[in-house]
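Colleague: The primary structure of each chain is shown beneath.
Number of protein chains: 4
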Amino acid sequence: MADQASPEVRDRVTASFERQGLMRHLGARLGHIAPGRVHIVLPGRPEVTQQHGYFHAGATSAIADSAGGYAALTLFPDDADVLTVEYKINLLAPAEGEHIEAIGTVLRSGRTLTVCRLEVFGVQGQQRSLVAAGQQTLFRVPGREVTRGP
Amino acid sequence: MADQASPEVRDRVTASFERQGLMRHLGARLGHIAPGRVHIVLPGRPEVTQQHGYFHAGATSAIADSAGGYAALTLFPDDADVLTVEYKINLLAPAEGEHIEAIGTVLRSGRTLTVCRLEVFGVQGQQRSLVAAGQQTLFRVPGREVTRGP
Amino acid sequence: MADQASPEVRDRVTASFERQGLMRHLGARLGHIAPGRVHIVLPGRPEVTQQHGYFHAGATSAIADSAGGYAALTLFPDDADVLTVEYKINLLAPAEGEHIEAIGTVLRSGRTLTVCRLEVFGVQGQQRSLVAAGQQTLFRVPGREVTRGP
Amino acid sequence: MADQASPEVRDRVTASFERQGLMRHLGARLGHIAPGRVHIVLPGRPEVTQQHGYFHAGATSAIADSAGGYAALTLFPDDADVLTVEYKINLLAPAEGEHIEAIGTVLRSGRTLTVCRLEVFGVQGQQRSLVAAGQQTLFRVPGREVTRGP
Numbered sequence: 001m002a003d004q005a006s007p008e009v010r011d012r013v014t015a016s017f018e019r020q021g022l023m024r025h026l027g028a029r030l031g032h033i034a035p036g037r038v039h040i041v042l043p044g045r046p047e048v049t050q051q052h053g054y055f056h057a058g059a060t061s062a063i064a065d066s067a068g069g070y071a072a073l074t075l076f077p078d079d080a081d082v083l084t085v086e087y088k089i090n091l092l093a094p095a096e097g098e099h100i101e102a103i104g105t106v107l108r109s110g111r112t113l114t115v116c117r118l119e120v121f122g123v124q125g126q127q128r129s130l131v132a133a134g135q136q137t138l139f140r141v142p143g144r145e146v147t148r149g150p
Numbered sequence: 151m152a153d154q155a156s157p158e159v160r161d162r163v164t165a166s167f168e169r170q171g172l173m174r175h176l177g178a179r180l181g182h183i184a185p186g187r188v189h190i191v192l193p194g195r196p197e198v199t200q201q202h203g204y205f206h207a208g209a210t211s212a213i214a215d216s217a218g219g220y221a222a223l224t225l226f227p228d229d230a231d232v233l234t235v236e237y238k239i240n241l242l243a244p245a246e247g248e249h250i251e252a253i254g255t256v257l258r259s260g261r262t263l264t265v266c267r268l269e270v271f272g273v274q275g276q277q278r279s280l281v282a283a284g285q286q287t288l289f290r291v292p293g294r295e296v297t298r299g300p
Numbered sequence: 301m302a303d304q305a306s307p308e309v310r311d312r313v314t315a316s317f318e319r320q321g322l323m324r325h326l327g328a329r330l331g332h333i334a335p336g337r338v339h340i341v342l343p344g345r346p347e348v349t350q351q352h353g354y355f356h357a358g359a360t361s362a363i364a365d366s367a368g369g370y371a372a373l374t375l376f377p378d379d380a381d382v383l384t385v386e387y388k389i390n391l392l393a394p395a396e397g398e399h400i401e402a403i404g405t406v407l408r409s410g411r412t413l414t415v416c417r418l419e420v421f422g423v424q425g426q427q428r429s430l431v432a433a434g435q436q437t438l439f440r441v442p443g444r445e446v447t448r449g450p
Numbered sequence: 451m452a453d454q455a456s457p458e459v460r461d462r463v464t465a466s467f468e469r470q471g472l473m474r475h476l477g478a479r480l481g482h483i484a485p486g487r488v489h490i491v492l493p494g495r496p497e498v499t500q501q502h503g504y505f506h507a508g509a510t511s512a513i514a515d516s517a518g519g520y521a522a523l524t525l526f527p528d529d530a531d532v533l534t535v536e537y538k539i540n541l542l543a544p545a546e547g548e549h550i551e552a553i554g555t556v557l558r559s560g561r562t563l564t565v566c567r568l569e570v571f572g573v574q575g576q577q578r579s580l581v582a583a584g585q586q587t588l589f590r591v592p593g594r595e596v597t598r599g600p
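Residue numbers (the numbering used here), protein chains in the order written: chain A, 1 to 150; chain B, 151 to 300; chain C, 301 to 450; chain D, 451 to 600.
If we strip away everything but chain A, and leave its shape as in the complex, we get:
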């Protein structure tokens, strides 16, 4: 696959991401957007921690879930939308570092369901280590061409 999504797809993903109050509230930002693969970065700060000062599993999962959702969206027709059906995530190691980076990658894109692999890395300077890994099922909400039409 190409390593860069088309401008139209990137605009669509960006516009949706900016409407996610939670992502803004956490301080997350979109990283790379490729067809079938999206990165989201979350800088470390006290607002995203658990009781020991590590990134909270809920924050780690939130950006992983969004990364997978947008990875699915990059392969949809432009008027379709995406819903998370379910996901499973293993927290492999305490998540720490300057920031964490979630990568959602489409494993299978079907007409109704998409399955993504989720990975989250802790990044500290040149160090990069896998802190969470998961798998997600997404639902494609069909577009509204007909109901919009004249």
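Worth flagging that the hints you see were computed from the coordinates, not collected in a lab. This list has only true hints and no planted wrong ones.
Listed next, the stretches of chain C that the computed footprint assigns to chain D, with coverage defined by at least 3 CB atoms under 8 Å from CB atoms of chain D:
1. 315-323
2. 352-363
3. 385-391
Ideal placement from N, C-alpha and C gives every residue a C-beta, glycine not left out.
For chain A, the structure is supplied; the task is to place chains B, C and D on it using the hints.
Modeller: For chains B, C and D alone, kept in the frame of chain A given last:
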């Protein structure tokens, strides 16, 4: 099981919860604390939404994960701590309402591993509906009696 | 919900179960069939064990998966069929006993997707203990009225 | 990592596999054994099917679970044993072909817990396609050096 945890256990859960920067940042608060069952409530506001104004799956999951973690903790010796190994969650319906309420319930409490059932309800006035359901595995981090000793 | 499915539904479930070569090969049999809840029983014997003589996680999961699939099917229109999208299962304790019994229960039945809770019990005489618990997502394959039509 | 496990490790995996009544009963056989990665092959035959003649999700999962378990075991000390804590699997496409092949790969190997990626491929002649993908958590049962002692 009793429906109310002992004051010591409630203090321990509350103290840990208050150190979770993410829970405070989201605006979540502890609800009922029973032995093996903990409730967490998250009021609706723009900071916890996804692109359509519903509660973000990441916010729903974050309070579910914390509810399960504290449910496990209520059954641990008082110097032990808890880590999430993994969880799986199905988003059953768009999560909306005045607030959502997560309930974590211990299904099995072992020496090292605890398994919890996770449920999240959307609450609007008298209406209450299941919006997410999941299952979680937790790890008991042994206490530090020895290293504390003289 | 009623505790007994209609004769039509039970016939439909039974006919499908009997076409599952794996269930017959393992020696599994259908138990109770209620609307939204199906039981499957698997007697212990060397052919379904892992290396220590307990029921193999694969056998435990196989009957749990089928129990959930048929629980979903009981709520479908009579020409629809069911596919497992995914499931997650925790093996809570070594599964042993005269037989194990899987119970699949519908948590949410949607137009396209159904979510089931899965439980497996080990049964020895009067003793009954939970040995596995999980959650499953299923897909409803629409019936073929149109393509069958004249 | 090396692509071939040591003869000692292969003997250990093979001996354990041969004690799994279920694997023999299904007709599964061990494939490649590398450090942290094990393959298991299951030939197609009526005894492993669901109601439409495809491989049953339970058979697909059973070999995936065993492949992950043995992948974990290859990295353990020689007197340790392995238990599946939980796994999650997505059935991506109807599993068909001359045989299916499960590959378990260690993502993280800890002192107590190991996490594996699970993949199952349907193989027909030169064709090979991903039919299932999952993730698994395993528990290392410590060896019995002490109780064996002199």
